[in-house]
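Chemist: Residue numbers (the working numbering), protein chains in the order written: chain A, 414 to 689; chain B, 414 to 689; chain C, 414 to 689; chain D, 414 to 689.
You can trust all of the hints, since none of them are fake.
Where chains are identical, the list cannot tell them apart; a pair therefore holds if satisfied intra-copy or between any two copies.
Below, simulated DMTMM-like cross-link-like pairs (lysine to aspartate or glutamate); rule was C-alpha separation at most 20 Å, straight line:
1. Lys-426 with Glu-415
2. Lys-452 with Asp-424
3. Lys-456 with Asp-444
4. Lys-685 with Asp-654
5. Lys-434 with Asp-478
6. Lys-502 with Glu-518
7. Lys-487 with Asp-424
8. Lys-434 with Asp-424
Since the hints were made in silico from the structure, they are not lab data.
The residues making up each chain are set out below.
4 protein chains.
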Amino acid sequence: MEARVLIDCSDEKGLVYNVSKLFFELGLNIDKNSEFVDKESNKFFMRSEVSGEFDIENLKSSLLDIAPPNASIKVIPKAIKDIVLMATKESHCLGDILLKFEAGELDANIKAVIANHNDLQSLVERFNIPFIHISTNDKSREAHELEVVEALSKIEFDYIVLAKYMRILSSDFVDRYEWKIINIHHSFLPAFIGANPYKQAHSRGVKIIGATAHFVTNNLDEGPIISQDVISIDHNYNWRDMQSAGKDVEKVVLSKALSLVLSDRVFIYQNKTVIF
Amino acid sequence: MEARVLIDCSDEKGLVYNVSKLFFELGLNIDKNSEFVDKESNKFFMRSEVSGEFDIENLKSSLLDIAPPNASIKVIPKAIKDIVLMATKESHCLGDILLKFEAGELDANIKAVIANHNDLQSLVERFNIPFIHISTNDKSREAHELEVVEALSKIEFDYIVLAKYMRILSSDFVDRYEWKIINIHHSFLPAFIGANPYKQAHSRGVKIIGATAHFVTNNLDEGPIISQDVISIDHNYNWRDMQSAGKDVEKVVLSKALSLVLSDRVFIYQNKTVIF
Amino acid sequence: MEARVLIDCSDEKGLVYNVSKLFFELGLNIDKNSEFVDKESNKFFMRSEVSGEFDIENLKSSLLDIAPPNASIKVIPKAIKDIVLMATKESHCLGDILLKFEAGELDANIKAVIANHNDLQSLVERFNIPFIHISTNDKSREAHELEVVEALSKIEFDYIVLAKYMRILSSDFVDRYEWKIINIHHSFLPAFIGANPYKQAHSRGVKIIGATAHFVTNNLDEGPIISQDVISIDHNYNWRDMQSAGKDVEKVVLSKALSLVLSDRVFIYQNKTVIF
Amino acid sequence: MEARVLIDCSDEKGLVYNVSKLFFELGLNIDKNSEFVDKESNKFFMRSEVSGEFDIENLKSSLLDIAPPNASIKVIPKAIKDIVLMATKESHCLGDILLKFEAGELDANIKAVIANHNDLQSLVERFNIPFIHISTNDKSREAHELEVVEALSKIEFDYIVLAKYMRILSSDFVDRYEWKIINIHHSFLPAFIGANPYKQAHSRGVKIIGATAHFVTNNLDEGPIISQDVISIDHNYNWRDMQSAGKDVEKVVLSKALSLVLSDRVFIYQNKTVIF
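Full structure from sequences and hints, please.
Modeler: As structure tokens, this is what we get:
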């Protein structure tokens, strides 16, 4: 039995001692251990990879017994997670994830791809992944999202990955799947929030462009950042060149963020992330 | 005789031919030649390093004869330029430039350092550079800037380099030295304009921070960008750690931008730069 | 009619003038123009994108008339090139190119994929690309390569792209396709030439790993470098983690190099590249 | 009282528990805690920043009592360390450290600068640091090093920093100051070991150059790597341009490595480093 233990509570003396004591008394191996204390907010974060003979629920309740009252404790079995991808027309992020999945390099099952266009249907089905086309034609945002929610309700999943899904999600939708939606934004946030960041970047004359993977919240492009990367550009790049060059950064950043999330290495607090 | 020829005009057929013909007929060597056409705005940029026997003014007027009516032509002798540095209390950017100057690695004479505090006086004077302390105590912004202008009026210089000068300059001041003022901003612009970008970056939870060197205009931190660079950070960095780590990026970015400007490699247009 | 003109000769006065004069007299538009002089070896390189009414062969012979005797002149019509991919078992580089091809983002037709294993057959055929499996079982290197050459002889192609083809090619093979073979090596060359560079990197304890795309010559991993990139790692990475993290760099570097080669932006000289 | 506890031993169950128990029983605060297990070699590394009322020697002996027999235990009071710089003629790395020292940004006292030329004397003395010129004229390597050892014997120091000291040190010298000498090499090691790496890099036609800070051992440029960084270059850079551009990387990499070493964040094992 292997599990990841995530503890998030206010800092106090003896936390590491008490947790490691419990692991020791239960005979668990600690395969990896990371801690972080945010002094400013007096918050303690700990993530341990443990193995041995134990029951998930028992371990969790034992940890709750020794942790401060406000503690958030997760004991997550090391297992392949389930994800749903959402996309529109662009294939670079989606295809990258499909390739990694097929190569056995993604710690997740792709349960389905939901798209508001059908351009990517052929690609997705070639990888034997169910493709669900939910058109937006003649539908209000609410009506369209209801159909998406309906489709999602039939699927068991841990995370929704927006692989260049080019529609803004309503508050209702975001709230329903709190901290379960990961997005890739095609700029180095917080620069160039909103529509067509490459046009904005070109107009501003920046010398570096980037991409940002983040959890989706109700503030557009303002959720907790998981991963970012950049590339250098110069005056030879018009905005379409930037868009083209940016695709390689987008897919790598999304893929990196997804890998971190799937291995339960990401804590969220104060609209930021702690990543072990 | 060596010079840099900078041509900036609307694009039309035969421009390279006409200019290279003139260079050829005058017997000039072309040591380096760069062109760029911005198709969107139909603008042509050309920079040539030429050597041979020629008169600067004659060459310029010959170029004006063959160029389109709206052309901007500069013929700049290859010579050490003069700069004035402005600083406040932090030494990392200023000191970096002083060291490069002393090592003979800066294509400029430093005519003076003007500062609104005297913390850096000892450092500057050790390098035999005049230090001019113009305190802001009990002075309006206008009164203080008048003293700075007065001091500058006694110095011949090509560029003013704000090496962490922490005061906002008035429109009057900026207009007086149009396209002559270079600033280093301690963020990856346009993210985190304004005061304490590292605090802003920490609060936003970014995973990468940066620095931006740009020409100063009347819009705070919105002038044409010359150079940018970034470094990766993580949740272990509080804002003071970011500030500390950022210093190495700031000085390198400013130094890079200064080197580009001093070698006449920077064109400005549409609030952007073309850099050869 | 659009073409790319590539000139490579010893440097002499008037080259740009003579070439631009010819373009002007033929009424050609210069859409892009780049020059470079290597002073050390007195070599001149020029690449122009021209458009207008002209005949490729006429333009080439006119250029030969005005260029120095030793000049190498290419006039290449702007057209989709043909490539053959070679692979073994890993899909990350191959799949990335297939995805770009399908998305219309590759300036090339993929004529076939040749592999020494059949693991990738299903993937390749899903993209409607012919897959040619040439097993190495019970064959000498010579015998195996003869089969590859035989297969290649039936295909018209401009470049062979080794997308993680894990066999060393013989001199005969390399000579036959001189400057037509592009390889991706999974290290930051010249560090870690040869087998399993990630194991070598792990053993050396480097803090940065990389990938290198280069033309293949008869010296293993020592051909002219086209493109390189790196990522940071730390002690947490064992060599398999490096290998896994390195895949994203490898595919992006190969894809970048391929794009440069397909747009005729790469000159080769002295085992190096000049890239416009 | 604040100290850094560094533990390095073979991995076994209960290590974190036993150490954190000891800290708890002694009433120490754990301000920061990091662990790493190298599974391949079954090695355990732990670094804790602790504060409270305690005696350094007592804490160390208590830790030895609970640790495996082969454990290496260090308890290092959080204090300003002492360093000696060694240099030759180039000022960029040396000057950078002097500036950081004066700005209060270096956790070290600079006890002296020893140089085999006197070019840097004026610079060093301006910062009120003793400058010791030990010429190599008419001296064997042994004789010269004896003078350096003699000079060092009069100074108390924790580390020797080779800030572009351009002489190779003998085995005797290196052995005498084992794991106390930090060097900056002007290439991305292990590429371009030895003399003039920029010339080597230019000749190889690489697209990225770098710098490496490492502990000095008896194998030239092959000691454990502490820090590395790179910058992109292209065909426009001759080797002197690379050298010039490389200086900014060299000084930043050395400065980063020095900061890590001074804060006791670096473990050495198997010619590699573990850095917390």
